[in-house]
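Just so you know, the sequences run in chain order A and B.
Residues in the first sequence are numbered from 1 upward in steps of one, following the working numbering.
Residues in the second sequence are numbered from 1 upward in steps of one, following the working numbering.
These are computed hints drawn from the structure, not numbers from a lab.
Check each hint, because a few of them may be wrong.
Claimed, not checked - Below, simulated DSBU-like cross-link-like pairs (lysine-lysine); rule was C-alpha separation at most 35 angstroms, straight line:
no., chain 1, residue 1, chain 2, residue 2
1, B, Lys214, A, Lys181
2, B, Lys17, A, Lys70
3, B, Lys22, A, Lys52
4, A, Lys18, B, Lys214
5, A, Lys171, A, Lys213
6, A, Lys112, B, Lys22
7, A, Lys247, A, Lys18
8, A, Lys70, A, Lys3
9, B, Lys116, B, Lys22
10, B, Lys116, A, Lys52
11, B, Lys116, B, Lys101
12, A, Lys155, B, Lys116
13, B, Lys214, A, Lys213
14, B, Lys116, A, Lys70
15, A, Lys45, A, Lys157
16, A, Lys155, B, Lys22
17, A, Lys155, A, Lys57
18, A, Lys219, A, Lys157
19, A, Lys133, B, Lys116
20, A, Lys114, B, Lys22
21, B, Lys17, A, Lys155
22, A, Lys219, A, Lys171
23, A, Lys57, B, Lys22
24, B, Lys22, A, Lys133
25, A, Lys181, A, Lys252
26, A, Lys157, B, Lys22
27, A, Lys155, A, Lys114
28, B, Lys17, A, Lys45
As the list claims (entries may be wrong) - Derived DEER-like restraints, expressed as beta-carbon distance ranges:
no., chain 1, residue 1, chain 2, residue 2, range
29, B, Ile241, A, Ser36, 45 to 55 angstroms
30, A, Met93, B, Arg180, 43 to 53 angstroms
31, A, Pro170, B, Leu236, 55 to 65 angstroms
32, A, Asn230, B, Gly215, 30 to 40 angstroms
33, B, Ile42, A, Met93, 14 to 24 angstroms
34, A, Met78, B, Ile42, 28 to 38 angstroms
35, A, Pro170, B, Val143, 48 to 58 angstroms
36, A, Ser36, B, Val143, 39 to 49 angstroms
37, A, Met93, B, Glu219, 23 to 33 angstroms
38, A, Met78, B, Val233, 37 to 47 angstroms
39, A, Ser166, B, Ile42, 37 to 47 angstroms
40, B, Tyr240, A, Gly167, 43 to 53 angstroms
Glycine included, each C-beta is placed from N, C-alpha and C at the ideal position.
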Amino acid sequence: MIKIENIRKSFGDVEVLKGMDFLFEQGKTNLIIGRSGAGKTVLLKILVGLFKPTEGKVWYDDRDFHAMDKDALRELRMEVGMLFQGNALFDSMTVEDNVKFPLDMFSTMSAKEKRSRVNDCLERVSLVGANDKYPSEISGGMQKRVGIARAIVYKPKYLFCDEPNSGLDPKTAITIDELIKDITVEQNITTVINTHDMNSVMEIGDNICFLDKGLIAWKGTRHEVMDSENQNLNDFIFASPFLQRLKEKAKK
Amino acid sequence: MKEGPFFHIGRYIMWHKTIYQKSGNFAMYYRETIRQMYDIGIGSLPIVFIISIFIGAVTAQQFYYQLEGTAIPTYYIGYIVRDMMIIELAATITCLVLAGKVGSNMAAEIGGMRQKEHIDAMEIMGVNTSSFLILPKILGAVVTIPILVCIAAIVGIVGGYLASVPTGLYTEFDYVKGLRSFFNQYYVIMMFVKAFVFAYIITTVSCYQGYFVKGGSVELGQASTRAVVLSCVLLLVADYIIAVLLTSG
Chain A
1 MIKIENIRKS FGDVEVLKGM DFLFEQGKTN LIIGRSGAGK TVLLKILVGL FKPTEGKVWY
61 DDRDFHAMDK DALRELRMEV GMLFQGNALF DSMTVEDNVK FPLDMFSTMS AKEKRSRVND
121 CLERVSLVGA NDKYPSEISG GMQKRVGIAR AIVYKPKYLF CDEPNSGLDP KTAITIDELI
181 KDITVEQNIT TVINTHDMNS VMEIGDNICF LDKGLIAWKG TRHEVMDSEN QNLNDFIFAS
241 PFLQRLKEKA KK
Chain B
1 MKEGPFFHIG RYIMWHKTIY QKSGNFAMYY RETIRQMYDI GIGSLPIVFI ISIFIGAVTA
61 QQFYYQLEGT AIPTYYIGYI VRDMMIIELA ATITCLVLAG KVGSNMAAEI GGMRQKEHID
121 AMEIMGVNTS SFLILPKILG AVVTIPILVC IAAIVGIVGG YLASVPTGLY TEFDYVKGLR
181 SFFNQYYVIM MFVKAFVFAY IITTVSCYQG YFVKGGSVEL GQASTRAVVL SCVLLLVADY
241 IIAVLLTSG
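Using the sequences and the hints, build the whole thing.
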């Protein structure tokens, strides 16, 4: 699990995060949702260490993330996988080399072991046989899956996904959501997903925190979203007239 | 907060500390260094060949024009071409051109990686990106650029020959006699010192511009331009400092 305590972050005079506490549970898909500019990306970057909080603590199980020394941090990095919004695949490398990159960089595995691990991961994301293709030669959905394969190649304990469905059609988005959810349960990972996608909220939101104006305005599960009285959350979730009509119908 | 020149100088110096902290397997660094050597060395050979042959040719032609009708012997032209190429032109002109070709390429490559979140991805994996992305480039450049400069000096001297002997300005005997006169090995050391320092400047300044780029494609273009301009200016400043240091006393 990952726990955040009183996380604050300022850029100059602007306070983006104004004190947040939340528990991202193990074996569950934890969603961070909110409007653009609510602070989701900043929070995610603080969780993975790309930003340092102005105040507050991030706990990876019993480890205080921002107080760790370099060696401990390096060890923790081996337990973290991340899927980026734009996939962040290396254009000059093949799918196999992309997935293998963390192993090449840090592991002492033999070439055969690495290849076997990569093939396992590619099989898990249904990309068998795509080893020699370059990112530019595969579709957006396949690139996402390569990103997931790379994120899980080191068998992480913590998985972070930044807008995993952005730029994907609804059908592919559901496939990616299901894949992330399945991997989370199978490997008992603490998964944190930053998303705008309402399908994701309703389908895989085991644990949701809704950010509004730098604060956590609502916490709950996907089953509790529909009954929430929080006006801001309702405005966000049921923003489109179609969804509003759907909600009213469901209530009736 | 505005980031002034002192901020950048400070950050550039402090950045070196992380560049030389290796993280990850040696094989990955080795592979990347070989790739950089190939890109910088083999990739720059044609342009180095073309510019140096013409610089040698122009130097020979110009000095023939200046010395014609004077009491200075014609064979001095070979000697002048040789020393000008070795002491100054091979290193300076080659590196100015490489600042444009290699420097802008490095700034754009690393800046593009920053914008496409490749650097963030590597950081999260635990890679020291300053080291993994920059150190192979530095090693590749400081090994291959001095070799390129050496090639430029030789090709420039050949260029001087081609521009004068076949065209009948003077004889082959005069040119070769000039090349073999008053040779000082120290000038070759000066050439390599300059090439080494220039290679370091081009690489680190260009990579710095790319690594810390913020914003979108406009800023990346600006960073790439800044990399070339700053590299060229610093290269000329370094040229003067090296000349003073190595010729004084």
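Taking the hints in turn, this is what the structure says about them:
no. : hint                                      : result
1   : Lys214(B) / Lys181(A)                     : 34 angstroms, holds
2   : Lys17(B) / Lys70(A)                       : 15 angstroms, holds
3   : Lys22(B) / Lys52(A)                       : 23 angstroms, holds
4   : Lys18(A) / Lys214(B)                      : 25 angstroms, holds
5   : Lys171(A) / Lys213(A)                     : 32 angstroms, holds
6   : Lys112(A) / Lys22(B)                      : 25 angstroms, holds
7   : Lys247(A) / Lys18(A)                      : 32 angstroms, holds
8   : Lys70(A) / Lys3(A)                        : 21 angstroms, holds
9   : Lys116(B) / Lys22(B)                      : 23 angstroms, holds
10  : Lys116(B) / Lys52(A)                      : 21 angstroms, holds
11  : Lys116(B) / Lys101(B)                     : 22 angstroms, holds
12  : Lys155(A) / Lys116(B)                     : 24 angstroms, holds
13  : Lys214(B) / Lys213(A)                     : 25 angstroms, holds
14  : Lys116(B) / Lys70(A)                      : 26 angstroms, holds
15  : Lys45(A) / Lys157(A)                      : 17 angstroms, holds
16  : Lys155(A) / Lys22(B)                      : 24 angstroms, holds
17  : Lys155(A) / Lys57(A)                      : 25 angstroms, holds
18  : Lys219(A) / Lys157(A)                     : 23 angstroms, holds
19  : Lys133(A) / Lys116(B)                     : 20 angstroms, holds
20  : Lys114(A) / Lys22(B)                      : 22 angstroms, holds
21  : Lys17(B) / Lys155(A)                      : 31 angstroms, holds
22  : Lys219(A) / Lys171(A)                     : 27 angstroms, holds
23  : Lys57(A) / Lys22(B)                       : 29 angstroms, holds
24  : Lys22(B) / Lys133(A)                      : 30 angstroms, holds
25  : Lys181(A) / Lys252(A)                     : 31 angstroms, holds
26  : Lys157(A) / Lys22(B)                      : 25 angstroms, holds
27  : Lys155(A) / Lys114(A)                     : 13 angstroms, holds
28  : Lys17(B) / Lys45(A)                       : 24 angstroms, holds
29  : Ile241(B) / Ser36(A): 45 to 55 angstroms  : 51 angstroms, holds
30  : Met93(A) / Arg180(B): 43 to 53 angstroms  : 52 angstroms, holds
31  : Pro170(A) / Leu236(B): 55 to 65 angstroms : 58 angstroms, holds
32  : Asn230(A) / Gly215(B): 30 to 40 angstroms : 36 angstroms, holds
33  : Ile42(B) / Met93(A): 14 to 24 angstroms   : 21 angstroms, holds
34  : Met78(A) / Ile42(B): 28 to 38 angstroms   : 36 angstroms, holds
35  : Pro170(A) / Val143(B): 48 to 58 angstroms : 53 angstroms, holds
36  : Ser36(A) / Val143(B): 39 to 49 angstroms  : 48 angstroms, holds
37  : Met93(A) / Glu219(B): 23 to 33 angstroms  : 26 angstroms, holds
38  : Met78(A) / Val233(B): 37 to 47 angstroms  : 43 angstroms, holds
39  : Ser166(A) / Ile42(B): 37 to 47 angstroms  : 40 angstroms, holds
40  : Tyr240(B) / Gly167(A): 43 to 53 angstroms : 52 angstroms, holds
Every hint, counting from the list given before, is met by this structure.
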